[in-house]
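Student: Residue strings, one per chain:
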Amino acid sequence: MPGLAPGDSAGGGPDSVNGTLVPYSSDSHVSAIYPLRHGLNPPISRVSVSWGRGNSLRVSVFRQPDSDPKSDGEVGGKVVEVTLGKSRDGEISDAQWRKIAYGSVSPFALLQSRKNSTASLSRMQLSPSPYHLEWWEYVMEYSKDIGSLLGDPKTALATLIEDPNEVFPKKVEEPSSLKAAWELMEMFYVDKLSQAWLPERLVDWLADYNSLISIDLPTVHSKLVEFQNQIVTLQVIEDDPRYWDLISSALAVGWLEIVTENGLVEAVAVLISKMPRMRPAIDAGKIGECFKAKPDFVKAWERWRAQITKLDSSAFWIQCDHRQTREGLKNMLQIMLGNVDVLCSSTCHWMELYISHFLYIRPFTAGLESMYSLAQKCFRLKHTSNPHKLMRLMIGILGENNEVVLAECSRGFGTWMVAHAIELLTAGSNEADILVHEEREDLGGISLEELHRLVYAQLLSSHLLTWQIAPIYLTSCMRQGMGLLEILLLKQPVQENQMLLKNLEICRLYELDGISSHLMEISGMYHWKHGRKGCAVFWLQQAHDEVRLSGIASQLFDSVGKSISGESFKQWEGLIELLGSEGQLAGGLDFLHKYRDFKKCLQHAESRKDADAARQAVESLMSLMRNASTPQRFWLPILYDAVKLLSWDEGPLINVGQTNLLLNKLQELSVARLRPDFVEAELPTQALNHVRYSLATNLGRAILGEL
Amino acid sequence: MEKSLATLDNGTTCSAWNYSGQRLATGSVDGTLSIFDSCDPASTSFKCTSKARVGESGVVKVVWIPPLFGDAVACIDGNGSSSLWEELAEDAQAVEWKHCKSFQSNSAKVLDVQFGVFRTILKMVVAYSGGQVKVYELSNPLELKNWQLQAEFQNLTDSVAKLAKASCFSASVSWNPQRGDGQEMSFVLGFNSDTPQLNSSKVWEFDLDHQRWVPVAELALPEDRKDQVFSVAWAPNIGRPYEVIAVATHKGIAIWHLGSNPDTDGRLSVERVALLSGYEAEVWQMEWDMSGMTLATTGTDGMVRLWQSNLNGIWHEQAAFEPAT
Numbered sequence: 001m002p003g004l005a006p007g008d009s010a011g012g013g014p015d016s017v018n019g020t021l022v023p024y025s026s027d028s029h030v031s032a033i034y035p036l037r038h039g040l041n042p043p044i045s046r047v048s049v050s051w052g053r054g055n056s057l058r059v060s061v062f063r064q065p066d067s068d069p070k071s072d073g074e075v076g077g078k079v080v081e082v083t084l085g086k087s088r089d090g091e092i093s094d095a096q097w098r099k100i101a102y103g104s105v106s107p108f109a110l111l112q113s114r115k116n117s118t119a120s121l122s123r124m125q126l127s128p129s130p131y132h133l134e135w136w137e138y139v140m141e142y143s144k145d146i147g148s149l150l151g152d153p154k155t156a157l158a159t160l161i162e163d164p165n166e167v168f169p170k171k172v173e174e175p176s177s178l179k180a181a182w183e184l185m186e187m188f189y190v191d192k193l194s195q196a197w198l199p200e201r202l203v204d205w206l207a208d209y210n211s212l213i214s215i216d217l218p219t220v221h222s223k224l225v226e227f228q229n230q231i232v233t234l235q236v237i238e239d240d241p242r243y244w245d246l247i248s249s250a251l252a253v254g255w256l257e258i259v260t261e262n263g264l265v266e267a268v269a270v271l272i273s274k275m276p277r278m279r280p281a282i283d284a285g286k287i288g289e290c291f292k293a294k295p296d297f298v299k300a301w302e303r304w305r306a307q308i309t310k311l312d313s314s315a316f317w318i319q320c321d322h323r324q325t326r327e328g329l330k331n332m333l334q335i336m337l338g339n340v341d342v343l344c345s346s347t348c349h350w351m352e353l354y355i356s357h358f359l360y361i362r363p364f365t366a367g368l369e370s371m372y373s374l375a376q377k378c379f380r381l382k383h384t385s386n387p388h389k390l391m392r393l394m395i396g397i398l399g400e401n402n403e404v405v406l407a408e409c410s411r412g413f414g415t416w417m418v419a420h421a422i423e424l425l426t427a428g429s430n431e432a433d434i435l436v437h438e439e440r441e442d443l444g445g446i447s448l449e450e451l452h453r454l455v456y457a458q459l460l461s462s463h464l465l466t467w468q469i470a471p472i473y474l475t476s477c478m479r480q481g482m483g484l485l486e487i488l489l490l491k492q493p494v495q496e497n498q499m500l501l502k503n504l505e506i507c508r509l510y511e512l513d514g515i516s517s518h519l520m521e522i523s524g525m526y527h528w529k530h531g532r533k534g535c536a537v538f539w540l541q542q543a544h545d546e547v548r549l550s551g552i553a554s555q556l557f558d559s560v561g562k563s564i565s566g567e568s569f570k571q572w573e574g575l576i577e578l579l580g581s582e583g584q585l586a587g588g589l590d591f592l593h594k595y596r597d598f599k600k601c602l603q604h605a606e607s608r609k610d611a612d613a614a615r616q617a618v619e620s621l622m623s624l625m626r627n628a629s630t631p632q633r634f635w636l637p638i639l640y641d642a643v644k645l646l647s648w649d650e651g652p653l654i655n656v657g658q659t660n661l662l663l664n665k666l667q668e669l670s671v672a673r674l675r676p677d678f679v680e681a682e683l684p685t686q687a688l689n690h691v692r693y694s695l696a697t698n699l700g701r702a703i704l705g706e707l
Numbered sequence: 001m002e003k004s005l006a007t008l009d010n011g012t013t014c015s016a017w018n019y020s021g022q023r024l025a026t027g028s029v030d031g032t033l034s035i036f037d038s039c040d041p042a043s044t045s046f047k048c049t050s051k052a053r054v055g056e057s058g059v060v061k062v063v064w065i066p067p068l069f070g071d072a073v074a075c076i077d078g079n080g081s082s083s084l085w086e087e088l089a090e091d092a093q094a095v096e097w098k099h100c101k102s103f104q105s106n107s108a109k110v111l112d113v114q115f116g117v118f119r120t121i122l123k124m125v126v127a128y129s130g131g132q133v134k135v136y137e138l139s140n141p142l143e144l145k146n147w148q149l150q151a152e153f154q155n156l157t158d159s160v161a162k163l164a165k166a167s168c169f170s171a172s173v174s175w176n177p178q179r180g181d182g183q184e185m186s187f188v189l190g191f192n193s194d195t196p197q198l199n200s201s202k203v204w205e206f207d208l209d210h211q212r213w214v215p216v217a218e219l220a221l222p223e224d225r226k227d228q229v230f231s232v233a234w235a236p237n238i239g240r241p242y243e244v245i246a247v248a249t250h251k252g253i254a255i256w257h258l259g260s261n262p263d264t265d266g267r268l269s270v271e272r273v274a275l276l277s278g279y280e281a282e283v284w285q286m287e288w289d290m291s292g293m294t295l296a297t298t299g300t301d302g303m304v305r306l307w308q309s310n311l312n313g314i315w316h317e318q319a320a321f322e323p324a325t
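Chains as they are written, first to last, in UniProt numbering: chain V, 1 to 707; chain R, 1 to 325.
Hint data in this document are derived by calculation from the structure and do not stem from the laboratory.
Keep in mind that the hints are not guaranteed to be accurate.
[Claimed, not checked] Subject to a maximum C-alpha distance of 25 Å in a straight line, what follows is the list of computed DSS-like cross-link-like pairs (lysine-lysine): (1) Lys144(V) / Lys192(V); (2) Lys644(V) / Lys599(V); (3) Lys226(R) / Lys109(R); (4) Lys299(V) / Lys223(V); (5) Lys533(V) / Lys101(R); (6) Lys491(V) / Lys123(R); (7) Lys3(R) / Lys99(V); (8) Lys226(R) / Lys134(R); (9) Lys47(R) / Lys491(V); (10) Lys123(R) / Lys145(R); (11) Lys101(R) / Lys145(R); (12) Lys145(R) / Lys533(V); (13) Lys310(V) / Lys299(V); (14) Lys61(R) / Lys47(R); (15) Lys533(V) / Lys98(R); (16) Lys491(V) / Lys226(R); (17) Lys192(V) / Lys223(V); (18) Lys134(R) / Lys491(V); (19) Lys310(V) / Lys274(V).
All chains should be built: construct the whole structure from the sequences, respecting the hints.
Tutor: This is the structure in structure tokens:
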């Protein structure tokens, strides 16, 4: 359901219907209209649709049939395919996307199996062993595994401003908003260890992803990039007010290494480098003094602020006669002293202002409630009409609105994100756990978690290279996953043996015997109709399709009955061998072997007037008629064939006892013909009477002969 | 965004994809059936691989027969007769599309044909312009030649009543795409005719005990029963406790929930959960996706529309596609 709209529309504005599933939206719903380019000349007479694999929709567009002979070469229609729900904004290529899809399978499966074993432990009321990790630690492992698939966004912020080719943030790799969103979810919901220093984590987060969040407003990052492009033309960089403006901005958002490495007055640079940070450690190349314990931090913070105040009022400023430098440095001191107005003017985006608050005004902010109210304040000061999807997600998280978080994950980052990020969300909040696991009548009895997995699996099913991982997600769905898996398997082509074997393996893995038989039957029928009869029989036997196999046996019987010479008989003979002689099929097939022998002897006897062959034929006949596996509907044709033996010129070949047995069979047959389900053999209408007469005559001759 | 799969000849009027989306069958005004295949399963470019002349007049509809019975289609032509064609390779000869059966009716035209599979049995429902419905059963699963007429009735809730000959412009049949063997066979049928009683969509179920088809539900509010039905579509059910069926009339697309437990009269409970209107066009076709969550429709306005329910069970138009050159 979510993320239906086509790929290139994702990441649109708030009015975009992409994603939807915004549970708090009103009933009014304006859907987007997308153009569907087919390239036909008008007039168009009709459009028809058909669903392909998963989410792919095939649209046939027909031109009004043209009777004008001049337009003979005109194309009459086009069939185009649209894959829905690829909610990504094009920043990830298809190949990368598949890599992520494949890579996330094993962390997902591992987490599910851990969840199951934890659940069974708690059902048995066993306490987990002391060596067991806390649940969030498992989720953390999962989150790290998945996060590593999304790329490494580490940016090398610190470079020298003197080298115009390597100025300011130089990205090692383009950060992706998917990764940024994943990290947000991880830091807020899973990583319990970093809860105490969330503000500092956000500082790092913004440093990594600042380049992503600008839509209609510049960011500190975009200003830096812009300045970098102009830097070559500047003679003395310190004379340019933009330089000081940028240095202040970088300071405001905590990119201290950029600030200190760009030729500041030493006193200020030292102060900046000694900035106390409420965090356990800091990455190499980054600046600040770390404090784990709050009291130590508070002491250091006060001392640091006192030093700034002292510098602010020192005589240094009188001696500094370069106006731009003096004002620039003074401004930076104001930032470090937490002057709201200066912070506000030095930052662009509300998120930057927010971060600067954590750094310079409220380093002790803790708890989502206060973080949220601070965010609201910053948002008011730097209002943007069209917030970036990462910001919408952030606001959802800070506002502790799980439904919004899910909806934003879905509409902003697609079905993959929501199906996988639910694990993070539920690890961090009981309410979220209840929300996503509650079974909803409106969804046909499934939970949100299941819905999102089904939707993701359906997207996976859309592509030939990814459908095979869909079963992993479908089998994690309690209620409807197997249903969808069955449909998915039944839609797989079975003409290619290799592909069929792969599908059968999936069936075996998930114990879908019925589907497996069905696929083998389809394959058997395909081969049957395409002249590969041996292959057909093989697959139908594998499927235990007795109805079709006995149909084939009956066709074989007819062929054997019609002709026992020529090429076609050889082919049938091969098939008879292939079908085997085990009586596992309805009616058994061993009679076919016997009947073939019978016919051969009969032919010999007839053509050569050979009494020995005739006696052999009688033996075959009796053996056929005594055998319980000879189907009743074949009795009459066999007896009809035997008329030649019954009227053998050189005297009766069939004795009284044998004739009586045949008469009994005939009697049984007459009774059976009265039943409605009896199938008449294709024989001349007088066949039965003819057989009866021959048997009676033979009986008379045999009695006379035995006297 | 869109990817071109195939180019169709001038005069093509209809198309249908097979069960796996690997083959396309099209019909054209000159009575030609064309089959398109891709050169390998990974390719998304489909080329015409065979053609067969299936009738004198134009083909108006092509329907694939379930794969369990081979690669075969039913073609309905402009004269109102239908024929079955299948791909065969007989006795080491090349693969060819061959005629296997024709269904002709002297007076009435065939309006729609749909196939349903029950265990190993293939059934075919045919709706005629005179308002009759015929259900045929394939005698031998290996061949498509012999069909037995199993039942003939009219689309009326009172199965004993008989109406004089009606005049129907179109009909729409949709089988319950059930997978398990637990359920009885059923299908939904609606007419677009001048006879009000015939029009409303009724759900027909095969009563195994009495060996007959009985109407078990009517998918129309009392005031809408005379409305002409343009199209019906039964959604796949992957585990819902109820069935979902879409019915299109001039009032819009109605989404119905059909209960599974019959009352004492053998009727199933029905509830219309949505009427999707604001859609000024006659619906041509409706198709459910594999999960039964999204409905795709086409209509006289030339648009392709997608409909979904949100988390609160409220149906809405999710997106629309406007064909453009």
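Student: When the structure is checked against the list of hints, which entries are broken? Sort them ascending.
Tutor: 4, 16, 17 and 18
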